[in-house]
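Engineer: In short: position in the sequence shown from 1, add 79, done, that's the working numbering.
Everything labelled a hint here was simulated from the structure, so no lab data went into it. Note that the structure is predicted; figures quoted are calculated from it, not measured. There may be inaccurate statements among the hints.
Quick list of in silico lysine-lysine cross-link-like pairs, PhoX-like style, CA-CA up to 20 Å [unchecked claim]: (1) Lys181 x Lys129; (2) Lys104 x Lys129; (3) Lys151 x Lys129; (4) Lys84 x Lys104.
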Amino acid sequence: MASHKETVEYICEQLGGAGEISSRKMFGEYGLYCDGTFIGVICDNTLFLKVTEPARQAEPQIALAPAYEGAKPSFQIPAEMLEDAPRLAAFARTVHDSLPAKGK
């Protein structure tokens, strides 16, 4: 099931405090970028963010799950975290800041 555009817009709005957030349609779902860096996907109206050790330490209770069949596990962001924009943005920024720099 493809994600709804309204859900994608809401998630991007909630993530706004993390930096410049953008989304790109990919295979019926959406890739998410923070300051130009790929940080996760929205699949079936669910936000999944890339796994990094600093993010794992910041929010150890967030479950890992594949965004789609065959995908590597990602942080599956729970609904209550989506509603807490400052917490969500801080977590997304932690993911962004702990990813390898582009081109490395």
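Engineer: Of all the hints given earlier, name the ones this structure violates by number, lowest first.
Structural biologist: none
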